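A.B. asks: As they're listed, the protein sequences go chains S and B. If you're matching positions, the first sequence starts at 2 in this note's numbering and goes up one per residue. If you're matching positions, the second sequence starts at 90 in this note's numbering and goes up one per residue.
No lab work stands behind these hints, which were simulated from the structure alone. Remember, it's a predicted structure, so these values are computed and weren't measured experimentally. Built from N, CA and C at the ideal position, the CB exists for glycine as well. You may find that some hints are simply not true.
With a cut-off of at most 16 Å between alpha-carbon atoms, the simulated EDC-like pairs for lysine to aspartate or glutamate come out as follows [stated by the list, open to error]:
| id | chain 1 | residue 1 | chain 2 | residue 2 |
| --- | --- | --- | --- | --- |
| 1 | S | K147 | B | E275 |
| 2 | B | K105 | B | E157 |
| 3 | S | K147 | B | D315 |
| 4 | S | K147 | B | D290 |
| 5 | B | K238 | B | E147 |
| 6 | B | K105 | B | D120 |
| 7 | S | K147 | B | E256 |
| 8 | B | K238 | B | E256 |
Residues of chain S placed beyond 12 Å of chain B at every Cβ, according to the derived structure [as the list claims (entries may be wrong)]:
| id | residue |
| --- | --- |
| 9 | E84 |
| 10 | D134 |
| 11 | P184 |
| 12 | R208 |
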Amino acid sequence: MDSFAGRDPLLYNLPFPRPVYPLTHLLRSMIAILDYDAGNLTSVALAVRHLGREPRITRDPDVARRAERIIFPGVGAARSSMENLARLGLDAALAEAFSEGKPILGICIGCQVIFSRSEEDGGADCLGLLEGDVVALRFPPGVRRKIPHMGWNEVRFRGGHEVFSGVPEGSQFYFVHSYHVRPADASCVCGTAVYGGIEMVAAVAHRNLVALQFHAEKSGPPGLRILDNFLRWQPT
Amino acid sequence: MLSKRIIVCLDVRERKTTKGIRFQENVDVGDPVEMAEDYYRQGVDELVFYDITASAEERPIDIDMVKEVARRIFIPFSVGGGIRDLTDMRAVLLAGAEKVSVNSLAVQSPQIIAEGSRAFGRQCIVLGMDALRVGESAAIPSGYEIVIKGGRQRTGLDAVAWAKRAEELGAGEICLNSVDADGTQEGYELAITSMVSRSVDIPVIASGGGGKPEHLVEVLTAGEADAALIASMVHYGTHSIGRIKDALAEAGIRVRRA
Chain S
2 MDSFAGRDPL LYNLPFPRPV YPLTHLLRSM IAILDYDAGN LTSVALAVRH LGREPRITRD
62 PDVARRAERI IFPGVGAARS SMENLARLGL DAALAEAFSE GKPILGICIG CQVIFSRSEE
122 DGGADCLGLL EGDVVALRFP PGVRRKIPHM GWNEVRFRGG HEVFSGVPEG SQFYFVHSYH
182 VRPADASCVC GTAVYGGIEM VAAVAHRNLV ALQFHAEKSG PPGLRILDNF LRWQPT
Chain B
90 MLSKRIIVCL DVRERKTTKG IRFQENVDVG DPVEMAEDYY RQGVDELVFY DITASAEERP
150 IDIDMVKEVA RRIFIPFSVG GGIRDLTDMR AVLLAGAEKV SVNSLAVQSP QIIAEGSRAF
210 GRQCIVLGMD ALRVGESAAI PSGYEIVIKG GRQRTGLDAV AWAKRAEELG AGEICLNSVD
270 ADGTQEGYEL AITSMVSRSV DIPVIASGGG GKPEHLVEVL TAGEADAALI ASMVHYGTHS
330 IGRIKDALAE AGIRVRRA
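Could you build all of it, start to finish, from the sequences and the hints given here?
C.D. replies: Given below as structure tokens:
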């Protein structure tokens, strides 16, 4: 998926008027949103801006290195996403950020490629920040469901992670995906959702990394709450 | 469990929301951006904006409006009407829309579905189709024919066959509008909705005819739709999103409560 590639520089300074920030804002660091030709980043950037922080959409690993925290969104296929990350040098920047303790938020395909391997497109090695596989949604015999899993579904959170605090019980989130993650170590699972009889992992967290299968930026108030929590989060 | 979605449709003409009956006698009902924000607060699941005159007037879609909506609401929305090519699709998506909807364009050049799907991902591409009840025949086995240009032109395409073809080409979702029911508020066209929903594996949004919550209950159960589009019944304040969802929940349909 490369059609957002070669886009005009406008996107790097979002095509929206910038709000006037108080001077103190300049002292706060930037939120890097990684652009690796995996779909549309506008809505993530707009949500971050709505929450009072200045996003910077970037494909430059050095910008990611300077950022206070990194959001790693995207839609598309695992293999092309991995190829693009490698070509841009963002795979190394992410691995560094992870080992340095910088807060990282993966969303959708960004939640999948942090695992070891995806079976999409005949199989692709992924970043391996967490151990586990990404597999296609397969339903039990006799169950027919639409693919992708598209729409609003309830996420049941567990473990009381700070990034999910204050999210009302029963909140639903917007999903669009055909593959789901299977962590090797279930202790990283923070949230699950059920579709067609499968209990899918919807959110994971490990050290300074949080990742969401759903689109928090398109999930109304509970989604914004999670993003806001992430933007304030200081992993210990 | 996935919830059934309630989607509000805003037909936009010169930056005003408008509503007609069977594509005619349109009256303005409000500012689309303010209405979008109001529906967002009421807990609508998704919004659709159709620039209803862009196509006929051959002018580009109102991108400033799309940007303004994207700044204010944080749920998915799609934009249709006046999409001419990949460049227009890209502009709409980069302005913050989640999806683009193609209708007449896809009938005239079906490859746009494949190209859009390859370029932006299939979840971004909604095929809008207007189906007219014509009676079953050899050429139109489902009894519903696709019409384009706001219902003014028949195409000879069978609605079910066209839905399957669009899925093969890479559409991520189908928004099926019944021309006969559009704007009447007398209920959705259940027969074609369930036929289409059964014949494809992608989600189907039922459109046209929603007038009271019972209609949505019907189309989301017997009609087998994954989502229901509404317009008139909420634009005039007759029903609220919350009350509609209450009624759906009472009927045992899973919905998202805001």
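A.B. asks: Give a verdict on every hint.
C.D. replies: Hint check results:
Taken as a hint, the K147 of chain S and E275 of chain B pair is broken in the structure, with Cα atoms around 28 Å apart against an allowance of 16 Å. The hinted pair formed by K105 of chain B and E157 of chain B meets the criterion: a straight-line CA distance of about 14 Å does not exceed 16 Å. Note on K147 of chain S and D315 of chain B: the hinted pairing holds, with a Cα-Cα distance of about 9 Å set against a maximum of 16 Å. Between the alpha carbons of K147 of chain S and D290 of chain B the distance comes to roughly 5 Å, so the proposed pair stays at or under 16 Å and holds.
Between K238 of chain B and E147 of chain B the alpha-carbon distance is near 12 Å, which keeps this suggested pair within the 16 Å criterion. For the hint linking K105 of chain B to D120 of chain B, the alpha-carbon distance of about 5 Å falls within 16 Å, and the restraint holds. Proposed proximity of K147 of chain S and E256 of chain B is supported: the alpha carbons are some 12 Å apart, at most 16 Å. Distance hint between K238 of chain B and E256 of chain B is unfulfilled; the C-alpha atoms sit about 21 Å from each other, more than 16 Å.
Interface exclusion of E84 of chain S from chain B stands, the closest Cβ pair being 16 Å apart, more than 12 Å. Under the 12 Å C-beta cut-off, the non-interface status given to D134 of chain S relative to chain B holds; the minimum distance is some 22 Å. The claim that P184 of chain S lies off the interface holds: its Cβ sits roughly 22 Å from the closest Cβ of chain B, which is beyond the 12 Å cut-off. For R208 of chain S, the non-interface assignment is confirmed: its Cβ lies about 28 Å from the closest Cβ of chain B, beyond the 12 Å cut-off.
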